[in-house]
Every structure is written in structure tokens, then in C-alpha cells.
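2 protein chains.
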Amino acid sequence: MYKFFLYVLAVGTAALMGLATLTYAEAPKVLTQVPGYYRIQLGQFEITALYDGAIELDTKLLKNTTATDLQRLLSRMFVGNPKMQTAVNAYLINTGKNLVLVDTGAAKLFGPSLGFVLQNMKASGYEPTQVDTVIITHLHGDHMGGLNDAGGQPLFSKAKILVSQADNDFWLSQKVADEAPEAMKPFFKMARDSAAPYLASGQWATFTEGSVLVPGIQAVKASGHTPGHTAYAVESDGQKLLIWGDLVHAHAVQFARPGVSIEFDVDQKQAIATRRSIMKTAAAEKFLVAGMHLPFPGIGHVRADGKGSYSWVPIEFAPLTKVVNP
Amino acid sequence: MYKFFLYVLAVGTAALMGLATLTYAEAPKVLTQVPGYYRIQLGQFEITALYDGAIELDTKLLKNTTATDLQRLLSRMFVGNPKMQTAVNAYLINTGKNLVLVDTGAAKLFGPSLGFVLQNMKASGYEPTQVDTVIITHLHGDHMGGLNDAGGQPLFSKAKILVSQADNDFWLSQKVADEAPEAMKPFFKMARDSAAPYLASGQWATFTEGSVLVPGIQAVKASGHTPGHTAYAVESDGQKLLIWGDLVHAHAVQFARPGVSIEFDVDQKQAIATRRSIMKTAAAEKFLVAGMHLPFPGIGHVRADGKGSYSWVPIEFAPLTKVVNP
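Protein chains in written order, with the working numbering: chain A, 1 to 326; chain B, 1 to 326.
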């Protein structure tokens, strides 16, 4: 066994031979993180992952598991317990014809550790006024909160905002909100407040499953997490990416155990069935996937490990010209 | 089975309801990658991973394996074959007292896809003249080429350059170079050319195994890849990171099979023994490791999977204040 760390802090002088004495000033620590964006090319499309930040979720939110299995799975991926870091991502797609933002982050709806999509979009070289289409995977606050600035003013003045009919009809319904459990009511309010300016301006629109929203981007039914939770199949020159929204909240757990759901799933049973089905297809067809709560940039592949269990294989950091599909 | 990708390219009009017609200009693609640096805090130390770029290595360079096992291992990690992307990383450590660069990248010794350490160091907020100590893991061109600029002038005018005695005596020896196989001779010339300006200025110095080079950074014997190949144990406030140089060239293969070596290893048998020993310790003690040829930023943990097999678990992208040891 190496014992190297025992001695690192020892007061000692290195045995440096032949060294002329040099003097220098201490360099102040910079202490800033790299901007939170990352790009890939998918055929002719430019895809930019945008980091909204990360929150600590309580692992007790995970359902259909045991404390023992949970601890084993989190520990093998070096993820914290009972608080696990959970990223929030969005994706900006430049097809050459359309500039499409998929989800917008949380803005300040869920505290100060989120809300950086706008800043990172700007760092990546785009302004929100250039976006012509915003697609929302589902109407939870950490996906649509970033539609507006801190004062509630719309950021995407030239965009159409596309939302699945089923989520629109659920989250914006006064009747559904009135009948919801008290703990759920704030989520309905967030959805209505975020949507309001765009409903007023006529920029808000709904789509049904299977719609091609812009050339190369199609809505794919992925319900369960919410009634209208939607994935987006993106394809250019035969290169494929499925942006799967909230199919996974806990990568260390739900790839190995797709049957584990999370408290936030409106229909737990359907959410599990959807996860199993999409993971099976992604592993078989080996296309790229991107997820809003996978570790940033949240882009990678799904590997089937047998017995209904999967692994997450993140893409490797690469220059922009790197082809990403195997 | 979902068939979503069959329809993405279909000429179709989305069923968009209630949408006012909007007009917009096409946004030009930005087509730049995020700067190649990434930061963590390790106790009081600021660690900045610096990306030198990536090269495509021929998987036939890997030894002690079979074509079948190689293909299986590469494929399960979605890594190319026969050309696998291999990153080149360096690490800048600001201890508060010292600014230490561990390796310098290849500059232009290995083609245009490498040589970006200097650019990324500047993007991260540091100048090479602020560096007071450069530590080299071993005297291969992709680790020491970046000591000088394109014209051969030294970049680190105020730094001492620290090299293990064993690598110094091997790579800078005229006698060893003369006796080396013809194919190896260019590597000796690269080492001597890169070292020359610093030898002349008196900035070059050697150390022996176990030396504490600056407070908090200790040289750890890791020979095999080269005679003086050295890892560095970094520790602050009980947080630990082992920068292990070239312990791994093919992450998809050599974690699962530490017994697989690479053509570049000077002593294949010793390189394998060193890899097994360090992986065993890293997995048992759960400290962070960083590697010069692991996918950028190349920082993460080692998990023991039993039967002498390991997995690479990269850290998750996080804000700078995130504690990184579990």
C-alpha cells in the first residue's frame, strides 16, 4: 500500500539539486468557474448545453427502493446521501434556420443556486432575443421559470413558446389547481405566472404528440412525470439526439434501477414505464440522449447492462468538430 | 418501441394552436467551444484543470489484450476503434503560497490538435509568468513540450522546473539516447530540446521520490511508463487528490483491465504493477485522482468492481464552492 498522503503535509524541504534561488510573488486565486456551456455538432445542427446550476435534492424523494440499495447505488457513483447534487440543464439548438431553446431553467423560483441559463446563453454567444422558438419539456418551474426576468418581464420577445397540449391543460387549469393537494398548489401558480406574459402577447402555443415543431425536431410522448411531459427527437444528417427532459432525476440510481421513481412524478407508474421504454430504445439504437437533470452537460449514451438495468455513459469533452455518434 | 426518429425529417407542419405569426432573422451559428479549463477547490487549494486538446490514438498500441476484448470494452464506453480519442490535460494548483503547474501539454510537438494549455491557462485567469513551480510527471513531449513557445523560447520565466532524477538521467542522457531504438530517438531529442533553455538558465532541478516539492504537494514513485514517471499527492485541509500522470491512456480499457499496457510504456511490466497498486489504493481510500489522458477535466474517483477490475467515475460539473471528496 502506498502511504503517500501521510507525508504530504510534513514540514520538509525537497531535495532539489542544482537549483538557483528564485523569488516570486504569490498569485491571487482566481476562484471563478468556467462558463456553464458546452457545444457539440449534430450533423448540421449546433447544440449548446446551458447550465442553469445545481440543487441538492433529498434522496428520500426517491420511491420504490430501499435505504440499503439507495446507499449502495449512490456510494458506487460517489454521489452524496441524503443530499444529492442535481443539475438543471437546458439546450439551445441552432438548426441553421431556427434557434430553438429547449427549457429555460428555474430563474430564481428555486433559490440562488439556479437561474444561470440566461448568463450562460450570453457567455456562449447568443442573446435571448435571437431565439425564435422555445420548447418546454413540461411546465415545472425549473424548466419554464427562465421564460421571464426577475421582474416578471418576458425575455424571449421574438419567440413562440411551444408547450404540449396535455401539460397546458393540466398546469394552467384553474379547476385542476383547485382540486390539487395543498403542497402542489405552488407549482400550478408558478406555471401560470410564467406563462402569463406569453399568453397575453399571443406567443404561447400548444402542440400534440408527434408534431414536428421545426424541421429536424419532433415532439415525442414521454408522459408520467407530468401528463404532457415531452421528449424531443433531434436529427440532422443522420445524427440523432433525444432530449428526454426529466426521464432521470438521479443518474446514480435510475439507470441501474429504472423502476425507481421520484416524488415529483405526477403518475409514478407511467413515469416508470416511460423510462424503461425510452432507455431500452436508446440503448438498442445507440443514439445520443440529453437530460435536464443529468450531470452537466448532460449529454451521453445509454448502455444496457442486462436484466433491465442500464448505465449512463457521458460524452467525452471534445473540440467542436468531433463527431459524436459512434 | 418508440419510432420517433423515423418521422423527424418528414416534411410536416406542427399542429400549433393559437399562435400568432411571428417573423425572425436566422441567427448565425457561433461554433466555438467553451474554454478548456475547469476548477475545483481542494481544501484551501484551487485546482484548475487545463485542456491541451485531444489526439486520436490507434487502439493497436494497447498490449496484453485481444481484439475481441478490446472491441467489447471500447464499445461499452462508446469509444472509437481503431482510433480512440485521448485527451491531454495539465493541472494548475494555487496553494495560496505557490502557483504550481503540473505538466505543460505538447505545444506543437504532436500536431495541431494539441497545444492549448497556454491559451486555456490565460482564459482561466493566469499568466505563465505567475507560475513559480512547474512539475513534470515525466519527460515525454506531450507533458513538457509546452515549456517553450513556438520559437523555442521559455514561457515560464520565473519558475523552477522540477523533474524526477530518474527521468532526468534517462531522457537527457546522450548515452541512453545513442543506445535507444531508432523509433525512440525523437522522444529523446524532444526532451533535450524542451529542457535546454531551462538548463541554461539554471531553472532546472531534479528531485528524488518522496520529496515534498512545495508544502502540500509530494512526489510519489509511479515508475514503469518511464523510469522516473511520478505521481503527485496533493493535500489541503484533509482533502486529497492524486495527480497520476500517465497511469491510464485508455480509460475505457485500463480501468476494467489494469493489466493492459501501452506501447509507450518503457517498462511494461512495471507500468502494470504500478497501475494495479495505485488503483487499489485510490479505490480503497476514495481520494480524488486526476490523469493527463483521462477525458477532460480528467478528475474523478476510482471504484473497485472486484476481481482486480475498476471503473472510472468522473466528478460531476459543479459550482466552485462544491466540496469534492465524499
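The reader is advised that the hints may include incorrect statements.
Note that the list lumps identical chains together, so a pair holds whenever it fits in one copy or between two copies.
What the hints assert, rightly or not - With a Cα cut of at most 20 Å, we get these calculated SDA-like pairs of lysine to any residue:
no.	residue 1	residue 2
1	Lys60	Gly306
2	Lys97	Ala284
3	Lys158	Thr321
4	Lys63	Ala284
5	Lys280	Leu118
6	Lys122	Asn148
7	Lys108	Gln85
8	Lys97	Lys269
9	Lys97	Pro215
10	Lys108	Leu31
11	Lys269	Leu320
Just so you know, the hints here were simulated from the structure itself, not pulled from any lab data. No experiment lies behind these values; they were computed from the predicted model shown.
**OP:** Indicate which option fits the pair lysine 158, threonine 321 if close means a Cα-Cα distance not exceeding 20 Å: within, between, both or neither.
**Re:** neither (30 Å within a copy, 36 Å between copies)
Subject >> Intra- versus inter-subunit Cα pairing at 20 Å for lysine 97 with proline 215 >> reply: within (9 Å within a copy, 55 Å between copies)
**OP:** Indicate which option fits the pair lysine 63, alanine 284 if close means a Cα-Cα distance not exceeding 20 Å: within, between, both or neither.
**Re:** Intra 27 Å, inter 30 Å, cutoff 20 Å: neither.
Subject >> Alpha-carbon proximity between lysine 108 and leucine 31, which holds within one copy, between copies, both or neither at 20 Å >> reply: neither (23 Å within a copy, 29 Å between copies)
Original post:
Are the CA atoms of lysine 60 and glycine 306 at most 20 Å apart within a copy, between copies, both, or neither?
Top reply: Result: close neither inside a copy nor across copies, 27 Å intra and 29 Å inter.
Original post:
Is it within a copy, between copies, both, or neither that the alpha carbon of lysine 269 lies no farther than 20 Å from that of leucine 320?
Top reply: neither (39 Å within a copy, 37 Å between copies)
**OP:** Classify it for me, lysine 122 with asparagine 148: is the Cα-Cα distance of at most 20 Å met within a copy, between copies, both or neither?
**Re:** The answer is within: 15 Å in one copy meets 20 Å, while 34 Å across copies does not.
Original post:
For the identical chains here, do lysine 108 and glutamine 85 meet the 20 Å Cα criterion within one copy, between copies, both, or neither?
Top reply: within (18 Å within a copy, 39 Å between copies)
Original post:
Quick one: lysine 97 to alanine 284, C-alpha cut-off 20 Å, is that within a copy, between copies, both, or neither?
Top reply: neither (31 Å within a copy, 52 Å between copies)
Subject >> Identical-chain pair category, lysine 280 with leucine 118, by Cα at 20 Å >> reply: This pair counts as neither: shortest intra-copy Cα distance 34 Å, inter-copy 43 Å.
**OP:** State whether the alpha carbon distance between lysine 97 and lysine 269 is at most 20 Å within one copy, between copies, both, or neither.
**Re:** Neither. Shortest intra-copy (39 Å) and inter-copy (56 Å) distances fail the 20 Å Cα cut-off.
Hints 1, 2, 3, 4, 5, 8, 10, 11 from the earlier list are contradicted by this structure; the remaining hints agree with it.
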